[in-house]
Amino acid sequence: SQKIEQNSEALNIQEGKTATLTCNYTNYSPAYLQWYRQDPGRGPVFLLLIRENEKEKRKERLKVTFDTTLKQSLFHITASQPADSATYLCALDIGYQKVTFGTGTKLQVIP
Amino acid sequence: DARVTQTPRHKVTEMGQEVTMRCQPILGHNTVFWYRQTMMQGLELLAYFRNRAPLDDSGMPKDRFSAEMPDATLATLKIQPSEPRDSAVYFCASGSPRSGAAYNEQFFGPGTRLTVL
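If you read the protein sequences in the order shown, they are chains A and B. Just add 10 to the spot in the first sequence (first one is 1) and you have my numbering. Once you know that position 82 of the second sequence is 63 in my numbering, the rest is easy, because the numbers rise by one and skip nothing.
These aren't lab readings, by the way, just hints derived from the structure by calculation. Predicted model, so just to flag it, every value in this text is computed and none were measured. Check the hints yourself; a few may be wrong.
[Claimed, not checked] Listed next, the in silico BS3-like pairs over lysine-lysine satisfying Cα-Cα at most 25 Å (straight line): (1) LYS43(B) with LYS13(A); (2) LYS13(A) with LYS108(A); (3) LYS116(A) with LYS67(A); (4) LYS67(A) with LYS13(A); (5) LYS65(A) with LYS13(A); (6) LYS116(A) with LYS81(A); (7) LYS108(A) with LYS43(B); (8) LYS59(B) with LYS108(A).
[Unchecked claim] Residues from chain B shown here face chain A by an in silico Cβ test under 8 Å; the list is partial: (9) LEU24; (10) LEU26; (11) GLU86.
Built from N, CA and C at the ideal position, the CB exists for glycine as well.
Let's have the full structure, built from the sequences with the hints guiding it.
Listed below in structure tokens is the structure:
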């Protein structure tokens, strides 16, 4: 079955720096890969989706890359702010909207 | 604005009791998902429906869990009998795949925090 690995350790960065989160997967490459943000006590919120034939996708301060050779996606937040502090989940979509989620990486942006 | 709603938000029960969780998907969404989240396992897909028909419930322990969609505005997840290991946050999400588009985002509800003593 598909296995997804995200940095299990929390990531602490200084405000204004770029945060980079990693999502690695095994086995087959998904049709799409999604990133979600989850705040404590709340459900995940969709951020970005990238298709297998796309190398990069951007949305405001967010950038996602997708390397099907390395079986890896990188999620970048530029000019990070304390409000970006949350847990970020990657999810592999194998089609028909069925997704498998990683366990998430907790990001802490320090003022 | 449109949201997925879940009830109850919190539930504390004793082992052996029946638990029913309810979800109202966003109006017009035709796909509904049930997830369970724990610290150890993360977010696990239990079951999902499209146009009210169950498509996949392979993530659900069949002997005690059941999921249904009595109508397009209500999805239920039932545990009978409940066990302490069922303690988790249960999320419902809905979505509406757009034909020919790569847009498959899911909209999550606030979750039901279940504690089984």
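Is the hinted pair LYS116(A) and LYS67(A) satisfied, with a Cα-Cα distance of at most 25 Å? holds (22 Å)
Does the CB of LEU26(B) sit less than 8 Å away from some CB of chain A? Since chain A brings a Cβ to about 7 Å from LEU26(B), closer than 8 Å, the hint holds.
Satisfaction of the GLU86(B) interface hint, Cβ to chain A closer than 8 Å: holds (4 Å)
25 Å limit on alpha-carbon distance, applied to hinted pair LYS116(A) and LYS81(A): holds (21 Å)
For the pair supplied as a hint, LYS59(B) and LYS108(A), confirm whether the alpha-carbon distance does not exceed 25 Å. holds (21 Å)
Given the hint that LYS67(A) pairs with LYS13(A), does the C-alpha gap stay at or below 25 Å? Holds, at roughly 23 Å.
Pair hint outcome, LYS43(B) versus LYS13(A) [Cα-Cα no greater than 25 Å]: Cα-Cα ~23 Å, so holds.
Holds or violated: LYS108(A) and LYS43(B), Cα atoms, limit 25 Å. Roughly 19 Å between the alpha carbons, so the hint for LYS108(A) and LYS43(B) holds.
Compare the distance between the alpha carbons of LYS13(A) and LYS108(A) with 25 Å, and conclude whether the hinted pair is satisfied. Roughly 14 Å between the alpha carbons, so the hint for LYS13(A) and LYS108(A) holds.
For the hint on LEU24(B), does the least C-beta distance to chain A fall short of 8 Å? holds (4 Å)
Holds or violated: LYS65(A) to LYS13(A), with C-alpha atoms at most 25 Å apart: Given that 25 Å is the threshold and the Cα spacing comes to 21 Å, the pair holds.
In this structure, every one of the numbered hints holds.
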